[in-house]
Amino acid sequence: MALTPLSLVLGVAIAWLAIGAAGLLRPHDIRFAGRALFGLGAVAALLLLAAGIWSLGQPVQAWVLPLGLPDLPLHVRLDPLASFFLALIGATAAGISVYSAGYFRAGEGALPGLLCLQYHVFLASMTMVVLADDAYTFMVAWETMALASYFLVTTQHRVPEIRKAGFLYLLLAHVGAIGILLCFGVLQGGSWQFTFDAMRAATLPPTWASIAFGLALFGFGAKAGLVPLHVWLPEAHPAAPSPVSALMSGVMLKTAIYGIVRVSFDLLHTPLWWWGAVALALGAFTAVFGAVFAAVQTDMKRLLAYSSIENIGVIVTGLGLAMLFRGLKMNALAALSLSAALYHCINHAQFKSLLFLCTGSVLHATGQRNLGKLGGLIHRMPWVAWLALVGTLAMAGLPPLNGFVSEWLLLQAYLFTPGLPHTIVNMLVPLGAAAFALTVALSAYVMVKFYGVIFLGRAREAILTQAHDAGWLERIGLAWLALGCVALGMAPVAVLDALDTINRSLIGTGIGAQTQNWWLLTPVDAQRASYSPLVFAAGMAIAIAITYLVVRRLYHGRVRRSDPWDCGFPAQTPRMQDTAEGFGQPIRHVFGPFFRIERELPTPFDKEPRYALRLGDRWWDWLYLPIARSVQETARVVGYLQQGRIALYLFYSFATLLTLLAFAL
Amino acid sequence: MSTWAIIGLFEAVLAILIAPLFIGWIDQCRAWLQNRRGAGMLQPYRTIRKLLHKDAVIAHGASSLFRVSPYVQFGAMAMAAAIIPVFSVRAPLGVAADTIALVGVFALARVFIALAAMDIGTAFGSLGARREMLVGFLAEPALLMVFLTASMISQSTLLPTIADVLGQIHFTIFPSLAFAGIAFVMVLLAENARIPIDNPTTHLELTMIHEAMVLEYSARHLALIEWSSALKLFNYATIGIALFLPWGLAGRTGGALELALALPIAALKLVILGAALALVETLSAKLRIFRAPEFLATAFLLAVLGLLVHLLLGS
Chain A
1 MALTPLSLVL GVAIAWLAIG AAGLLRPHDI RFAGRALFGL GAVAALLLLA
51 AGIWSLGQPV QAWVLPLGLP DLPLHVRLDP LASFFLALIG ATAAGISVYS
101 AGYFRAGEGA LPGLLCLQYH VFLASMTMVV LADDAYTFMV AWETMALASY
151 FLVTTQHRVP EIRKAGFLYL LLAHVGAIGI LLCFGVLQGG SWQFTFDAMR
201 AATLPPTWAS IAFGLALFGF GAKAGLVPLH VWLPEAHPAA PSPVSALMSG
251 VMLKTAIYGI VRVSFDLLHT PLWWWGAVAL ALGAFTAVFG AVFAAVQTDM
301 KRLLAYSSIE NIGVIVTGLG LAMLFRGLKM NALAALSLSA ALYHCINHAQ
351 FKSLLFLCTG SVLHATGQRN LGKLGGLIHR MPWVAWLALV GTLAMAGLPP
401 LNGFVSEWLL LQAYLFTPGL PHTIVNMLVP LGAAAFALTV ALSAYVMVKF
451 YGVIFLGRAR EAILTQAHDA GWLERIGLAW LALGCVALGM APVAVLDALD
501 TINRSLIGTG IGAQTQNWWL LTPVDAQRAS YSPLVFAAGM AIAIAITYLV
551 VRRLYHGRVR RSDPWDCGFP AQTPRMQDTA EGFGQPIRHV FGPFFRIERE
601 LPTPFDKEPR YALRLGDRWW DWLYLPIARS VQETARVVGY LQQGRIALYL
651 FYSFATLLTL LAFAL
Chain B
666 MSTWAIIGLF EAVLAILIAP LFIGWIDQCR AWLQNRRGAG MLQPYRTIRK
716 LLHKDAVIAH GASSLFRVSP YVQFGAMAMA AAIIPVFSVR APLGVAADTI
766 ALVGVFALAR VFIALAAMDI GTAFGSLGAR REMLVGFLAE PALLMVFLTA
816 SMISQSTLLP TIADVLGQIH FTIFPSLAFA GIAFVMVLLA ENARIPIDNP
866 TTHLELTMIH EAMVLEYSAR HLALIEWSSA LKLFNYATIG IALFLPWGLA
916 GRTGGALELA LALPIAALKL VILGAALALV ETLSAKLRIF RAPEFLATAF
966 LLAVLGLLVH LLLGS
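Protein chains in written order, with our numbering: chain A, 1 to 665; chain B, 666 to 980.
Worth flagging that the hints you see were computed from the coordinates, not collected in a lab. What you are looking at is a predicted structure, and each value in this text was computed from that prediction instead of being measured. Heads up, a few of these hints could be off.
[As the list claims (entries may be wrong)] Facing chain A, according to a computed beta carbon distance under 10 Å, are these residues of chain B, among others:
1) R732
2) L808
3) T822
4) E891
Cβ coordinates follow ideal geometry from the N, Cα and C atoms, glycine included.
Same shape as in the complex, but just chain B (with noise of 0.2 Å):
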């Protein structure tokens, strides 16, 4: 059990670690599919070190709440890394939180983030603020129902016992997961402000999104909100492997040989992951924002769809 519990904690503080580096991955290849040579994958953490080592600056008008606001972000991050498996199906604190909490986890981190947005009155801030809750608003109720489909496949909510369950039906297609699949893929671009829906790298203040709420943060701060994003995108991704790829996860009774497997499996999965999101956000072309909702309400509605699929056709 204790061993259980420290393989556990080891796969949080791994995902932590390592989210950076799978951004600094999907960058790496984005760039190749663009003929660039890219900055290097290690460059989200030279970042992130550049920014811990300035002095943060901070307008006159904010209140305590923007200085909280990345922390709460990182903690709900963090706190999301330990509910998700990421190797092995023994999340620390899969038992505490269900996928539901796991999207409550979500929807607090945009609250705080969007509040802080608004809590120095730029006009830059509040129009991200917005721009974020609408597309959280259509993007949680999907990425719930996608969770209830694959619950309702897996007689549970608790993630490590999807991923257990599913792991388990070899090669099994389900219809219902396949649509379900399409509306999580939707839903990771849209909440990890990646292209059709935002842009990470864009400099133009009007066409964003997420850059546009984080205008004001600096330093530290910034390095945190940007930790924190890394480590979102990564968690969805193992949210990803979870539901859609959960075979190679280390089961509840596999032995030591099971789990050794399946770290490379896993390293495996996300490289290959993170190359087709790379070739997703290069193959298409960012949406005007009010195209956003009727992306996500597609999403929303594949969603459904997924969930209405198994529950007539019960598969």
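If we strip away everything but chain A, and leave its shape as in the complex, we get (with noise of 0.2 Å):
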């Protein structure tokens, strides 16, 4: 067998069920199934990165595995898009491994080997979900996935809440699958052949094509954690270790938007404009409101977790902005937004899995998830807090990092928009515009909260002084992470040729402009805009370096130590300074009818005043609760008819035949 870009990634994926595999050989030995076996998964990783950069400029691979049930071989196809989301998992999932050979502890949850297990099939299975090129393939390995992340989130499966957490999130996978399974179903037209081949193939009328796309926005959505289907973050993230929420929340989130891009942009071929006006609506809703829950979240992972919502809402308009050009025909404009989603995927796996490997190191260094029990760690742990602040000044879409590159991407994408055909969505596309310039200024807000209260400042709590940093293996692991991001930042260029494969193969156009400069990005022409990384960097370098030159040169370097002047208060401990509480309560001031709020107030006659806030998700009263009661409500109904005694059942056995007799009279 020749060695194609194919062949090598299903190498890598059965690799991969063979290192989880090999987890069992000894399942209690942490050295063996936690340490050796991660190292060899970070290995396939790269292998699986550089194969689907290979594959990016060959043509489309397809084959038919003889696996499966009789009649019912797998097959699998290898196209950019494919390559691309291979290559995301490969360079994301590089880090998450390496960091985890040094990361999982022996005694902490699961059986290490058991772990090694559930970990490589979750990738490996991740791997089919974009490889698939069939419906059965692809749901069986869309369910794998769902499981194997299923017994990684209840790792610590002995805390009743991470119990809860892990139903919740099995719960609205399952309902999403149902979701996929019968968009599916309706993609096939008639024809009853389940290969997506088929499905391209099948032309269906625009009401039908609509409602398999809006099956799929709910499936692929659900994974995503679009509002109102995204309450199963903040629950599962907390609960998973962390760099399995490193690989939730970078990567898999990333197979749902694969999902839907497969769908709308390829089994569909062409979208239909309001489609796109969709998707931009729900994705500028749920950006804004994932940062601003964001915004006041308490626990670090929490944090991360709403961040993750408000980024998938930030790709989800980029995809909406890309399907509604691409509805109007409007091409150049349609690859635009594609490649600034697709760009925003990458780099959201980057610094949300650097991030959340970073709360991984400080959990274990503190034992601690709460904001207001953390601070000073930059003392404690420099590796961890100096890579941590990359990651935080590219998810705040600081300059010259990729999160302003996918950022500002997306906003030539709004602003190029020359009069569109109709009146709402030239209302929308502002709109949106605005409601994305706001999400990545309250990002910004978020990432000071966050890196502030974790990092910097005097220690909370005695305890933390005794923090250590991370180990060599997770160095390396969030180093890695943290390269990606200022590779991503300074080659934009590279990587925009790279993602034009994706949309000349799917919207027939590419961007093309930005060829003709290595180092100056033009997306649209050089008139119209254009930012180049590396001149910014280097001009900042430049201007920081002489800066720094002139005041140390000309004046002197002196410095003295002294205790914190603060206005000249004596008795400072560290309990003044601002909590996490403290830190987002303009946010709360600010977007109050957002959060259910529940207020505990002292009266001043109270012995022990106790104050409390806690803050709740309104979608849980709007749609999840009345859920559960009408769901608990018909069960009751339904229990009348269980009273448990023979003689009621023979007599509904006696109805029953009397009912049919009387039909077949």
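Two chains, each in its own frame: build the complex with the hints.
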């Protein structure tokens, strides 16, 4: 068998399965299952990254594997879109696997061997989701992914909250899977062929195509965390071990984005313009919602989970714009929007994984997830703190890191909207841009809170002064992802060139124009917009260096250390710093109606005054609790039938018989 | 080409050097309006010089982020000065970074100063950081919307091109730009810690925003922060000129005469703008901190309205 990208990718998937199975050989051995095998997994991930990049420029390759049920062989296909997502999985998983090799400890929750199996099955199933070329393979891989991640989330299954969070995740994963299954059912268009080729060949009337799109948006949206299907994210992410959170947030959510792109741009050929409007509105709302909720969280992983919701919202607005433009036959703009959305996918995969892994190191060093009990860790954990700063700045969308590039591209897509033929869209696009701008600014707020409260200031608890820095394997993992943030921010032209192959295969046109200059990003044309991160970074560096030299050489570098000034107040304690609640207070004030706020206020006569504040998500009240109540009510009504007396059941049988006889006559 | 590059570089250096003078001019105007004699227009330079000579006093718990941050501030503002045209549209880095990147530069500076404020772990520091981010998260999108409106009219996000295009449209009043202009002035006041959002001369810690963040800084670090604040205000003033009063900027095709004329015209505009700012600040009172979001939300809505007006009416 010749070495092609596809065979390499399949090889990696098989290798991951084998590594996982090998973990069961010595399940109690942390050195073998927790260290060596995860290291091997990282090597496989690097191979996947290489294969993904290699196959971007190659022609589409499809195979039918002689596996699976009789008459239902597995179809796999490697096209540019799949290659991109494979590269994303590989690049992110490589860092996370190296980190995991240093992270997992013996005696924490599940056995190391079992963890190794679940982790690598999870990776392999994500690869197969992207490779799948028929509905069966896709659904099998999709469900394997959901189950593997469920078991990973509930690694510490002895904690009741974690079991509950895992169950919620499983429930929403399956509700989403039903949507996807029905979507494929619609997509086959009467041919009863469930290969993606058959779905591409089927021509659906607009109504059915819209139904298929709606089902896909629902099904994949449940996995991606689109509001109102987002509720599992803030529960599952804090429950899972940090590398698993990183993998789920960084990579698994992207498979849902892959699904939306695959269905709406590939299987359904051309999206209708109003799908784009729907996705744009939904994405914009999700983005603002996620950012606002992230700003008021007090649990660091929950904060990151809400920020993942925000980023997914941003990506979906990009996809929405792409669909809108594609539906209106503005292909160049559609290509620009799609590139921006996909670029943000890989950016988010890098920085969010990085930040989740940093929370893992903090968790191991301090045992605390609560922001109110952290602080000052930059002194104790400099490696983690400085690498986290890269992720923080990237996620806040600051130049010259990667978060800014995709933000820039997306704004360009919003900006060069010529007069669109529909007034409502003409209104929606600038409002989307405004929501997006607000989201970006809010994410800077969130990241200052996240970084400032965890790493800066003074230690809020005495135990924090014993915190230790991450081990060397963890550092390598973090550094790899931080490097990814920098590289993706510095070389946007190369990335966009790669993304253009996807545009050409899905939309038919690329952006194209940016290839003239390797250092200057000009997505539309040079007169309209350009951005050069390299020149930018160099300019900043030179300005800072000159300032430093001038100030230090011309004057002096004398420094005296003393107690903090703080306006002369002598009795400073670390408790006087802003807590996470305090830092989020302005957001609570400004966006009050977003939250369900429960306050417990002390009265002046309380012996032991207690102040408590609980913030809730209104979607529970609006959607989930009513559904739960109605299910319970129905169950109660149906319960009347079940009285547990044999005479009654005999009467039911008799009544049924009579009814059937009545029909028969 | 190379002469243009030299002019561009000169422009950026000039902006950095005369930024404290602009602040000095505003303060002097304010003093006159308040029937005081004032300290003279060169006072900011004297303050900076004094601070540079002192020994830096740094709190025990400060990390290196605290010491790096003033340099990043200054670097970011110098970078912004290199993007914005002052008297000719040939800003040296105008191609490498556009208006969106300019907003990013301001955000970068803001994030760094807020992080530095939280670094020592004092009560006022984190209070200032929180308030600064509160102002920032509403002012930044408003500024972005202002830029988007101007970009839609001129079909470019590059600030020099925007100024060039808008400067050539003689005496056409765009309703969308009028909305954007009001929003921009509001953002300018908020982002530069001026009245009505913040009071640059306050000594009452509880009402501080920007000052609370830099309480722990001293000597050369404080000098850099003061200078970069002055440069930030100057940058906003030149952005305002480039967007809303671009007439008289030396264009792309202009010769030496146009260039020679452009410098005094730009100086005149800055003088008038500084006096106007001093007037606004003298006539208004500082808002309570929780009125600030309303003020900024108004700015944001006006900016979005400007964009909508442009898209719907095409003007």
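Status of each hint after checking the structure:
no., hint, in the structure
1, R732, "holds (8 Å)"
2, L808, "holds (9 Å)"
3, T822, "holds (4 Å)"
4, E891, "violated (13 Å)"
In summary, the structure is inconsistent with hint 4 from the numbered list given earlier, while agreeing with all the others.
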